[in-house]
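Asks: Here are the chains, one letter per residue:
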Amino acid sequence: MPLELPRVEWATILPETILVVGAMLILLGGALLRRRLPAWVWTVASIIIAAGAMVSAWDLWRRVSHNHQGGAHTAIANAVVVDGFSVYFALLTCGAVILAALMADSYLRRERLNAPEFHVLMLLSASGALLMAAANDLIVIFLGLEVLSIALYVLAGFAQRRAVSREAAMKYFVLGAFSSAIFLYGVALAYGATGSTNLGEIAAFLRASVSTHAVLLGAFAFLIVGLGFKIAAVPFHMWTPDVYQGSPTPVTGFMAAVAKAAGFAALLRIFFSTFGTHRLDWQPLIWALAVLSILVGSVLAVVQTDVKRMLAYSSISHAGYILIGLQAATVRGLAGSLFYLLAYTFMVLGSFGIVTLVARDGDARTGLDAYRGLGQRRPGLALVFTVLLLAQAGVPLTSGFLAKFYVISAAVEAHSYALAIIAMLAAVIAAFFYLRVIVVMYMAGDEADTADADPIRVPFGAGLSLAVSVVATVIIGTILAGPAFDFARHASILRL
Amino acid sequence: MSVPGAWYLTLAALLFTIGAVGLLVRRNVLVMFMCVELMLNAVNLTFVTYARMLNDIGGQAVVFFTLVVAAAEVVVGLGIIVSIYRRRPGATADDITLLKG
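Just so you know, the protein sequences line up as chains A and B, in that order.
Numbering-wise (the numbering used here), the first sequence opens with residue 1 and increments by one.
Numbering-wise (the numbering used here), the second sequence opens with residue 497 and increments by one.
Just chain A, same shape as in the assembly (with noise of 0.2 Å):
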């Protein structure tokens, strides 16, 4: 018997070829070459590579929002979907390596790390994102999610010399592979349900039986906790804090942007759209989610003095807020969660662009006391802090009011009253722990003394990506709010 093998039409997967092939070469390069380069060639190359797969994402973009160049299609023997969701995903996260490798530069030298590995593994990790988000198949979207994580398990545990690395490398790989392994059961109960791990399939299954099998039930929870754990959401949260915290800073910024983004990219796939029509068998699942993760994300924050655990726990809740939009179900809510994602991307990069910096040699001065009077020593470090914290807390005038907004207005019309107060109000105790950091900021300086030893440098590329975060962050939120909402509401037409 022949096998016959699916066509493959690779311009559909153009911007993940061209990040695994750029990591390709990085790594031979690396490896191959008698001399060693200074760092920057990798960052500028790593840069290079991912503007590229941004333009051939951007062009697949083209190619879709204009309906007679083929509009929104599947590719590869349907495993592979081509529509405004997964490109708009690609364009996130080819944004965000962007960022991240500018901030990891100056990092690298530092800390003195091998260079090339590290955006070798920041390619790779974001080749397996944009398949999660690409992918028209469970089994395709278990692959994109093991390349997503196996890369970020090593860049976890990548300043190798320091302990708290490891450690955070350990525990992000244990619980990393536990839901994986849930993830996969879900896919294998979601299979014996449907008869199909192909979304289209699974949705044109669903669509014609009305009553919900206990197996289909038990695939919803477990795919609900796999992807729980990879986008934080609370009581799937237990490894975020201390994850966030081990890892090298860019990494932990690269990962609070990059997984969770992916993280929602396939839950809001998969639920949304190929699970819609079963959306009051899994809402309350959701809705319980949403609920715990606002309020245990802000409450948790609170408590906190190391500021990358409470940024943390700040990722938390804001993982809530982007699953009320899931919650309602609606294109409305979807294109909400994902302006709160676009939104998001750019101040949590941005935060953590700060920590990288003010932390100085080692990755050590991460505790809220390294911020004790930073407005009177590096006052463009503190405003640009400022005015990512007031982001994060949901202040008018940047993206991350208008993100909190879109979502919640999205629970109100969606009927779901109780979820918006309670999104609201956690806001308020929210606002508190943002606060409190920008008033140590800005209060006398007690780190002075030896701030004179070690002072604050700010290099150009991490300079540089602090800019774009916080313009983004601000013209996301003011002038460019009407383009980028748009941008996320193209992007919420799925093709089932």
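Each hint should be verified, as a subset may be incorrect.
Which residues of chain B face chain A? A partial, calculated answer using Cβ under 7 Å [claimed, not checked]: (1) L519; (2) L536; (3) T542; (4) G555; (5) V558; (6) V559; (7) E569; (8) I576; (9) S579; (10) I592; (11) L594; (12) L595.
From chain B, some residues computed to sit far from chain A (all C-beta separations above 12 Å) [to be verified]: (13) V499; (14) P500; (15) W503.
No lab work stands behind these hints, which were simulated from the structure alone.
Quick reminder that beta carbons are idealized off the backbone N, C-alpha and C, glycines included.
Chain B: place on chain A using the hints.
Replies: Just chain B now, kept in the frame of chain A:
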């Protein structure tokens, strides 16, 4: 006499539960790691059983993907475990407590 598919599914569910509980209660990192492998193989058994019941080859093909992913996880996981335990005597998770709060 053929064994009904539900038996295999129950066995797989039991193995998965043993793996999950083992990961949560055992303190040796290597044993925890073995528990993850047990969970993944329980999923494989579930896939194969369903593939047989549905008369569909797709579920059996999935097993190869799972095996490859599990192998890749072993490589990275053992690397991380070795990097930690090169610097300390035992492999007990309770000793790894620098990060908490």
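Asks: The hint names G555(B) as touching chain A; please verify it with the least Cβ-Cβ distance against 7 Å.
Replies: Holds, because the Cβ-Cβ distance from G555(B) to chain A comes to roughly 6 Å (cut-off 7 Å).
Asks: Per the CB criterion, is T542(B) less than 7 Å away from chain A?
Replies: 4 Å, holds
Asks: Would you assess whether V499(B), listed as outside the interface, keeps its beta-carbon beyond 12 Å of every beta-carbon in chain A?
Replies: 17 Å, holds
Asks: Closer than 7 Å between Cβ atoms is the bar; does E569(B) clear it against chain A? Give me holds or violated.
Replies: 6 Å, holds
Asks: Once the shortest beta carbon distance from L595(B) to chain A is found, is it less than 7 Å?
Replies: Where the cut-off is 7 Å and the nearest Cβ of chain A is about 4 Å from L595(B), the hint holds.
Asks: Please verify that hint: L536(B), Cβ, nearest Cβ of chain A, below 7 Å or not.
Replies: 5 Å, holds
Asks: Hint validation: V558(B) versus chain A, beta carbon distance must be below 7 Å. Holds or violated?
Replies: 6 Å, holds
Asks: Does the CB of V559(B) sit less than 7 Å away from some CB of chain A?
Replies: With a closest approach of 10 Å, the V559(B) hint is violated.
Asks: Answer holds if the nearest beta-carbon of chain A is closer than 7 Å to that of S579(B); otherwise answer violated.
Replies: This interface hint holds because 6 Å falls under the 7 Å limit.
Asks: Under the criterion of a CB-CB separation shorter than 7 Å, is I576(B) in contact with chain A as hinted?
Replies: At about 5 Å, which falls below the 7 Å cut-off, the nearest Cβ of chain A leaves the hint on I576(B) intact, so it holds.
Asks: Under the criterion of a CB-CB separation shorter than 7 Å, is I592(B) in contact with chain A as hinted?
Replies: At about 5 Å, which falls below the 7 Å cut-off, the nearest Cβ of chain A leaves the hint on I592(B) intact, so it holds.
Asks: Against chain A, does W503(B) hold up as non-interface, every C-beta pair farther apart than 12 Å?
Replies: Correct as stated: the minimum Cβ-Cβ distance to chain A is 14 Å, above 12 Å.
In this structure, the one hint that does not hold is number 6.
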